Amino acid sequence: MKIKLIARISAAMLKARLRQTMVAAFGVTFSITMFISLLSFMAGLNDLLDNLILNRTPHVRLYNEILPSPIQPIARSPVYAGAHHFVRHVKPKNELLEIRNSKAILKALENDPNVRGVAPKTMVPIFYNVGAINLTGVVNGIDVDAENKLFTFQDYVVEGKTTDLKNTPNSLILGIGAARKMLVQIGDNIQITTSSGARFPLKVVGFFQSGIEELDKVQSYATLATTQKILGKPASYVTDIQIKLFDMTLAPALAKMYNTRFETEAIDIQTANAQFETGSSVRTLISYAVGITLLIVAGFGIYNILNMMIYEKMDSIAILKATGFSGRDVNAIFITIALTIGLVGGALGLVFGLGLSALIGEIPFNTASLPTIETYPINYNPKFYLIGAVFSIITTYLAGYFPSRKASRIDPVDIIRGK
Amino acid sequence: MEKKVIEAIGISKSFHDPITVKVLTDVSFSIHAGEFVSVVGKSGCGKSTLLYILSTMDTSYEGELFLDGVNMKNKKDGELAMVRNEKIGFVFQFHYLLSEFNNLQNVMLPGLKFGKLTAKEVEHHAYEKLKILGIEKEALKYPNQLSGGQKQRVAIARALINEPLIIMGDEPTGNLDKKNSDVVFDIFKELAEEYHQSLLIVTHDLDFAAKTQRTITMEDGKIIRADGA
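These protein sequence lines are chains A and B, in that order. Residues in the first sequence are numbered from 1 upward in steps of one, following my numbering. Residues in the second sequence are numbered from 1001 upward in steps of one, following my numbering.
Treat the hints as calculated values from the structure; they're not laboratory data. Fair warning: there could be bad hints in the mix.
Here's a subset of chain A near chain B, in silico, CB distances under 7 Å, partners left out [to be verified]:
1. Ile-3
2. Leu-5
3. Ala-12
4. Ala-16
5. Asp-315
6. Ser-316
7. Ala-322
8. Thr-323
9. Gly-324
10. Phe-325
11. Ser-326
12. Gly-327
13. Pro-412
14. Ile-416
Please read all numbers here as calculations on a predicted model, not as lab measurements. Quick reminder that beta carbons are idealized off the backbone N, C-alpha and C, glycines included.
Kindly produce the complete structure, drawing on both the sequences and the hints.
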């Protein structure tokens, strides 16, 4: 009953100043619209840029590095125990790149509940033979299915199909930069030379484009079996094991564990790509700051209009108080007005925000470095809408708070006697 | 002896800005149920100030004020608002009708705030009050469509809606011409005689005051004469 009465009075006052209240509500609508589209767009871009790296980066990578033996013979001598050792003469051995016992490690990882998938890989440094000259390059021997599943490999193959790589013996998917230099077409055969001097013919079945030009000039992909054949190694020869986890945040801890358990080097994604998270969080911070600034400006608009309304309605407030409305009732009336402006403006803002972000999401965005992207990326995260709604209510409440308090403190005697 | 609706004991009030001025000095009087009392005095004698203290809107005074036997000292803002809503009907010099509401709704507002009756019942009561004042035909018009006298009558109907203990008027005829003043006076008189309504009217219209049952004359913040009927 009481709420209904207060709502009725608020509605009457809103109607009396319809145009101003609409302008105030539009201020909120505008700011929420911009807040939503800005954050959706920014988050979309962040996801895009992060995925550029994250999609193709394993959460944990196991590999061996060519390192000298950490324990040199002199350290084993009891005569020099406690002395400073500077005689180092045992150089790195010639078989260290292989991950030993790779079959068992792969099996163990596949049974690990934290692991979403594993993809073994063999990296072979080679030369592409182009006429009289050689270009340096790297052939990655991959498990095509695992690579497709975990690293969306197929998205980056711009010509040809990944299945051809699997089905054609001694085939190669060549980086597009290298392909342009070598003037090759799909179906051509090229010659490569390994670091040990062996020559090997390979058939080009596709081109891939990663978006990182330096990479595309050097990298190419073959199956694990093909690379093992190039190197003349057995089927267990693997130089890298790439692991994708269910929960990326566990990567550093698991990397440490794998390091000791499998006796290989293990690097986690956070260590390898520390700069990406920093960039994303700064971009997000900037968009929030801009959005909230817009809302605060809208809040000042509401504050102004309520103040004006209170000056205009001074008489009405006085008579309401004289006829038995308490300060709290008057306060409630003006807070209701402010919140109505906030709710209507905010709700429209959410709808327009969705519309504007959908519109941005339709704008063509073609770039050579991102073959899979055709329009601007938008992240339709409901979180942004929730934050927008909550903030619109909080700012309008705050904007209404002070004018309402002023209205509730109006002394009816002053107004009535002043006439 | 009828019961006292208002009893003021030793009410004093001073304004302190910019210098201390005593506007009311030790004012004591009471009004019984059904009495039609007027307060007269020259401008600045403190009669309006007294009225606002009696109405509970002004709370900075010394002395005791009893409304319907209840002491109004140390009551909270919300409680005083309830007292005003329930027990006091107001008529000012200016009508103070809300232009956003029609006349009927204006009359209903204090009744809806009181909240004892349903909206339908309040509406029925409001119609009755308008009928007493002879303006039930204007119920659905808006205040700006009425003449000054009609507006004042709507304001009186609004004062009556919660069947208050007492109606207080601050120069209720001050803005009206002779004819309308007489109409308003006749209404007050009818209310006092037929409906046994207590009234306390502040005025400087001596003709008006002379026709009331009792006149309290004030000068320099003091009551100098309180005639019986």
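Results of checking the hints against the structure:
| no. | hint | result |
| --- | --- | --- |
| 1 | Ile-3 | violated, 11 Å |
| 2 | Leu-5 | holds, 5 Å |
| 3 | Ala-12 | holds, 4 Å |
| 4 | Ala-16 | holds, 5 Å |
| 5 | Asp-315 | holds, 6 Å |
| 6 | Ser-316 | holds, 5 Å |
| 7 | Ala-322 | holds, 5 Å |
| 8 | Thr-323 | holds, 4 Å |
| 9 | Gly-324 | holds, 2 Å |
| 10 | Phe-325 | holds, 6 Å |
| 11 | Ser-326 | holds, 4 Å |
| 12 | Gly-327 | holds, 5 Å |
| 13 | Pro-412 | holds, 5 Å |
| 14 | Ile-416 | holds, 6 Å |
In this structure, only the earlier hint numbered 1 is contradicted, and the remaining ones agree with it.
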